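Protein chains: 2
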Amino acid sequence: MRISELSRRSGVSIPTIKYYLRDGLLPPGRATAANQADYDDSHLRRLRLIRSLIGVRGLSVSATRDVLAAVDVQQDNVHLLLGLVLGVLPAARSDEGSGSAAPHGTSDAADTDADVPGLPEVAALTAEMGWETSANAPAAQVVAETLETLRALGVDFDWHSLLPYAELADRTAALDLDQLTDASDPLQQAERAVLLTVLLEPALLALRRLAQEHHSAQRYGGG
Amino acid sequence: MRISELSRRSGVSIPTIKYYLRDGLLPPGRATAANQADYDDSHLRRLRLIRSLIGVRGLSVSATRDVLAAVDVQQDNVHLLLGLVLGVLPAARSDEGSGSAAPHGTSDAADTDADVPGLPEVAALTAEMGWETSANAPAAQVVAETLETLRALGVDFDWHSLLPYAELADRTAALDLDQLTDASDPLQQAERAVLLTVLLEPALLALRRLAQEHHSAQRYGGG
Chain E
1 MRISELSRRS GVSIPTIKYY LRDGLLPPGR ATAANQADYD DSHLRRLRLI
51 RSLIGVRGLS VSATRDVLAA VDVQQDNVHL LLGLVLGVLP AARSDEGSGS
101 AAPHGTSDAA DTDADVPGLP EVAALTAEMG WETSANAPAA QVVAETLETL
151 RALGVDFDWH SLLPYAELAD RTAALDLDQL TDASDPLQQA ERAVLLTVLL
201 EPALLALRRL AQEHHSAQRY GGG
Chain V
1001 MRISELSRRS GVSIPTIKYY LRDGLLPPGR ATAANQADYD DSHLRRLRLI
1051 RSLIGVRGLS VSATRDVLAA VDVQQDNVHL LLGLVLGVLP AARSDEGSGS
1101 AAPHGTSDAA DTDADVPGLP EVAALTAEMG WETSANAPAA QVVAETLETL
1151 RALGVDFDWH SLLPYAELAD RTAALDLDQL TDASDPLQQA ERAVLLTVLL
1201 EPALLALRRL AQEHHSAQRY GGG
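Keeping their order, the protein sequence lines are chains E and V. The numbers in my numbering rise by one with no breaks, and the one at position 149 of the first sequence is 149. The numbers in my numbering rise by one with no breaks, and the one at position 133 of the second sequence is 1133.
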């Protein structure tokens, strides 16, 4: 296809495509004339992946180049490929309000061991779930920080309280992986992983809000 | 208790407590001397709620005053109370990257009906789930926007694809509501609703990431 069709089908403007070509993010097309090239579906898929990494994930152009290079090398190792694409995603953090950090010096014991005091609790949780996960994954830190924050705010909630939530997260992740199996090649799989992991996040939280509204109405409403 | 103990137990500094007292967010204590007052557990609970609304939820002082005033009036209507506390929360949005908005004019039909074209799909989803929810809730808009964005990016994913996720969100919300039942009074229930709804959000997404890592290892790893 010509660059105009590539632009139309990918939703990426021609100047941006030319920028990606100059920058090496997108491999050159097959030259058909002095100033003309032919592009195929692999260009379209790569363009969509670039767009999802930069546009949706908010990666920089250079970070995107690193991920794409790794994707090229890891085409036959789906786990590493997904790990790269999913692993580069910094885990979500709560945007805590200003001026209300947890008070210092209020914990009973002096917690000076790990970076985040709650990490051993998260390790207990993942062990209980039978999850093979890296102990210091950013996501583990987020869970640990949440437990610490709730404790600092006087909420009675520990890793045991998280267990039923972890069970549901486990099923959600299984669903997520199911979404990737019908992808035709590693590049497409990587793209779907980024799109579905990142783009579904706000939707999953929103579904929880809608369901909360429903359950609240069921339990306390009417009358 | 004296203001110093109130400060210690709530984790809110004395100057901040005095500011809330002057501003009317916190009702005055019982005067015990010319310049001294006595505070009770209701002050402590209200202070924690203020802190969770301002600090955790990021509400402004005036929005917090509105919510607190409504909480006072709705003490005996738990559904309205939770709706207030949960409903004031703007639904999470994806922080889309800059300069990569969905292209204009690429949809087949001219979608000029609703604010968000995906809303009828969300209505179909909530109907299928049997959820009693407000059709124009911010959360419904977020789900609709997600479906639109995925479509614009060429991902084959519609409201039917969201159904299994909605089932899991339904169970998550039921768990959320369970967490509130052991709260002793409406004020505490409102506080827990804010804390657990907002603070658990990043943790739930992080648990999904951990579970994704595990499932990816299970399906594609090793060897």
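For the record, the hints were derived by calculation from the structure and aren't laboratory data. Note that the structure is predicted; figures quoted are calculated from it, not measured. Where a beta carbon is used, it is the ideal one built from N, C-alpha and C, also for glycine. Among the clues, some could well be false.
[What the hints assert, rightly or not] Simulated DEER-style distance windows between Cβ atoms:
1. E:A70 - V:Q1218: 20 to 26 Å
2. E:D40 - V:R1219: 27 to 33 Å
3. E:R219 - V:P1138: 17 to 23 Å
4. V:D1066 - E:R219: 23 to 29 Å
5. E:N77 - V:D1066: 52 to 58 Å
6. V:E1167 - E:R219: 17 to 23 Å
7. E:D156 - V:A1063: 26 to 32 Å
8. V:A1031 - E:G130: 35 to 41 Å
9. E:H160 - V:Q1218: 20 to 26 Å
10. E:R30 - V:P1138: 44 to 50 Å
11. V:A1034 - E:D156: 19 to 25 Å
Evaluation of the provided hints:
Checked against the given bound of 20 to 26 Å, the beta carbons of A70 of chain E and Q1218 of chain V, roughly 22 Å apart, stay inside it. Remark: the range hint 27 to 33 Å for D40 of chain E to R1219 of chain V is upheld by a beta-carbon distance near 29 Å. The hint said 17 to 23 Å for the Cβ distance between R219 of chain E and P1138 of chain V, and at roughly 22 Å that hint holds. Range check, D1066 of chain V to R219 of chain E: Cβ separation about 25 Å, and the 23 to 29 Å hint holds.
Between N77 of chain E and D1066 of chain V the CB atoms are about 54 Å apart, so this pair conforms to the stated range of 52 to 58 Å. Remark: the range hint 17 to 23 Å for E1167 of chain V to R219 of chain E is upheld by a beta-carbon distance near 19 Å. The hint said 26 to 32 Å for the Cβ distance between D156 of chain E and A1063 of chain V, and at roughly 27 Å that hint holds. At roughly 59 Å, the beta carbons of A1031 of chain V and G130 of chain E sit outside the given window of 35 to 41 Å.
Roughly 24 Å separates the CB atoms of H160 of chain E and Q1218 of chain V, a value that falls within the hinted 20 to 26 Å. Range check, R30 of chain E to P1138 of chain V: Cβ separation about 48 Å, and the 44 to 50 Å hint holds. The supplied range of 19 to 25 Å is broken by A1034 of chain V and D156 of chain E, whose beta-carbon atoms lie about 39 Å from each other.
Checked against the numbered hints above, the structure breaks hints 8, 11 and satisfies the rest.
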